[in-house]
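Asker: Residue numbers (the numbering used here), protein chains in the order written: chain A, 1 to 112; chain B, 1 to 202.
Among the hints, a few may not be true.
[What the hints assert, rightly or not] Per label pair, the in silico range of CB-to-CB distance:
#, chain 1, residue 1, chain 2, residue 2, range
1, A, Gln29, B, Glu90, 15 to 25 Å
2, A, Phe69, B, Glu107, 23 to 33 Å
3, B, Arg161, A, Arg10, 41 to 51 Å
4, A, Leu66, B, Ala108, 17 to 27 Å
5, A, Glu43, B, Leu7, 25 to 35 Å
Rather than coming from a laboratory, the hints here were simulated on the basis of the structure. None of these values were measured; they are calculated from a predicted model. For each residue, glycine too, the CB sits at the ideal point set by N, CA and C.
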Amino acid sequence: MNVANGEISREIGDINLAYMLLAQKLVKQDRVAAMFRLGVSRELADMLANMSLAQIVKLAASNFLLCSFRLDEHASMSAVVGEGKDTMLQQAHMSILMSARNLQGQKEAATV
Amino acid sequence: MSTKSVLGEVREVQLAIQLIHLGARLQFLEAEVGLSRERLIRLYKEIKGVSPPKGLLPFSTDWYMTWLANIHSSMFYNMYQFMKTHSDEEKVWVLIKSYKLYLQQIEAQESEPILDFTRAYTMVRFFDSDMLQLSTCCRCAGQFVAHAHDHKSGYVCVLCRPPSRAGKARGSKRAAGGEISVPGMESIGLAVEAALDGGGLH
Ligand SMILES: [Zn+2]
Numbered sequence: 001m002n003v004a005n006g007e008i009s010r011e012i013g014d015i016n017l018a019y020m021l022l023a024q025k026l027v028k029q030d031r032v033a034a035m036f037r038l039g040v041s042r043e044l045a046d047m048l049a050n051m052s053l054a055q056i057v058k059l060a061a062s063n064f065l066l067c068s069f070r071l072d073e074h075a076s077m078s079a080v081v082g083e084g085k086d087t088m089l090q091q092a093h094m095s096i097l098m099s100a101r102n103l104q105g106q107k108e109a110a111t112v
Numbered sequence: 001m002s003t004k005s006v007l008g009e010v011r012e013v014q015l016a017i018q019l020i021h022l023g024a025r026l027q028f029l030e031a032e033v034g035l036s037r038e039r040l041i042r043l044y045k046e047i048k049g050v051s052p053p054k055g056l057l058p059f060s061t062d063w064y065m066t067w068l069a070n071i072h073s074s075m076f077y078n079m080y081q082f083m084k085t086h087s088d089e090e091k092v093w094v095l096i097k098s099y100k101l102y103l104q105q106i107e108a109q110e111s112e113p114i115l116d117f118t119r120a121y122t123m124v125r126f127f128d129s130d131m132l133q134l135s136t137c138c139r140c141a142g143q144f145v146a147h148a149h150d151h152k153s154g155y156v157c158v159l160c161r162p163p164s165r166a167g168k169a170r171g172s173k174r175a176a177g178g179e180i181s182v183p184g185m186e187s188i189g190l191a192v193e194a195a196l197d198g199g200g201l202h
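So here's chain B without its partners, still in its complex pose (with noise of 0.2 Å):
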């Protein structure tokens, strides 16, 4: 996508800027912004004072089942679903205050957002493109993040039945938590092998 006007490239720019702050990496800058590869460089490096880091990490759905991600990305995808269907602005601004709206909201629980922006975008295309869908809980009607095709009868979330250690582990404000994959938790899913780049990323 070209700009050709004055404003259009200003708004490029300020969207650019927004996804640099929120740590958006270059491929996703460039998928999104109208700006050469040359300037979102250039722009990245005046924001962060250093290069975008090289390389895009392999991600995949696994990573949104571990429980404490599981729990943050919930919620960050209930904000996000409910961002879209209420507000009339374009997808990509939609992300940024969702994502935004995630922080806030783990501001105000003084605790540490586990998950980044490029695995909130990442996640966006995953329901986009059909290999995550919203589960619903039937102990308290809430939406999960879970893999796609999975039965959805009698399905429990991690916070109704949340695996026996994880009620000690994650006190602490270790980001690492989420990391960690817990026992027990491969009932919520077969575990699908979906790299980024065969999940339809545009």
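Chain A extracted, bound-state conformation (with noise of 0.2 Å):
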């Protein structure tokens, strides 16, 4: 592996990491509001609750980024980023489409 490559991955690791010392800070203080925020289920998110720092850490040092793309139609995209919108009326947009957004390991749980 080169250097520029363990740099990346660092930097993955540095992201997971505050991404999910993050996510479990907010569930631990509102589930509900987490949820939303997060785009997270339920079971996600009482999942998240219960993981120890060494589990987090471990999660963290992974060559994956642990979190996705939550506008990820191209449609929601380009409406939201769309031609010089100001700040204020992209927020707007993003919060309206985020809250009803399927929420992520909802539909594997509901299948199972």
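The task is to assemble the complex, starting from two chains supplied on their own in separate frames and drawing on the hints.
Answerer: And the structure:
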């Protein structure tokens, strides 16, 4: 592995760790509000809340980013980003689109 | 509703305090909290330092259709719906929670809340009594507050097709901006005159 790749891995690991810690903090503060902000199901939220720091650190040290794009359709993405929209409108639009999203982890839970 | 237990009463008082802090009108306090009118007024005075305002604003569903109001209403109602689906709490607490979430969101955007608590509460009632609905925008797939029974196909939301003047006027932090009815918005729905008292508040 060359130097640049090692660097990228470390950056991914840093983001993963920051993301997991923030997610856990949110869930512990207020589960439903956290589900709203993170876009995760109740099962996933509970799991996050109960993870130990060791588990989080282990999971974070990965080559894969643990958080993914939530504006996962091109149409929504371009609608929100679109032609020089001002920040307030962009945030409002994002909030409306995000609230209606399916929660991560919910589909799997429902089909099991 | 009357509450006999001390704990039950504590809960009612806490509920009233939350509602008063958020700016709920006395009428709504009476409808949602199982305390006497006198106690509610005393609580109100203690918290706000003044007597509760008299009279109820005559709201119509049209307010929710004006440009900025529609954006804020849609933001709030999407949050409310999320909270209602995923939280186990009583309806009034869901309302409180989602309204606080709305305020947080607005604060993060560094803008002013356009939807006050009373209007949020009234909107939920309008939805419950089938006077408002969510329509899906055919461009961004977002769900926006609309008059009930509007044709749903080909609907484009206020954010995907803002009225021409809106882009400039709204930059300033004037809350009054939300009250301005932007020309062209009438197309969103037929103007249904819907005063609160006709709309099944209870
Ligand atoms: Zn749209």
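Asker: Looking back at the numbered hints, which does the structure fail to meet, lowest number first?
Answerer: Those not satisfied: there are none.
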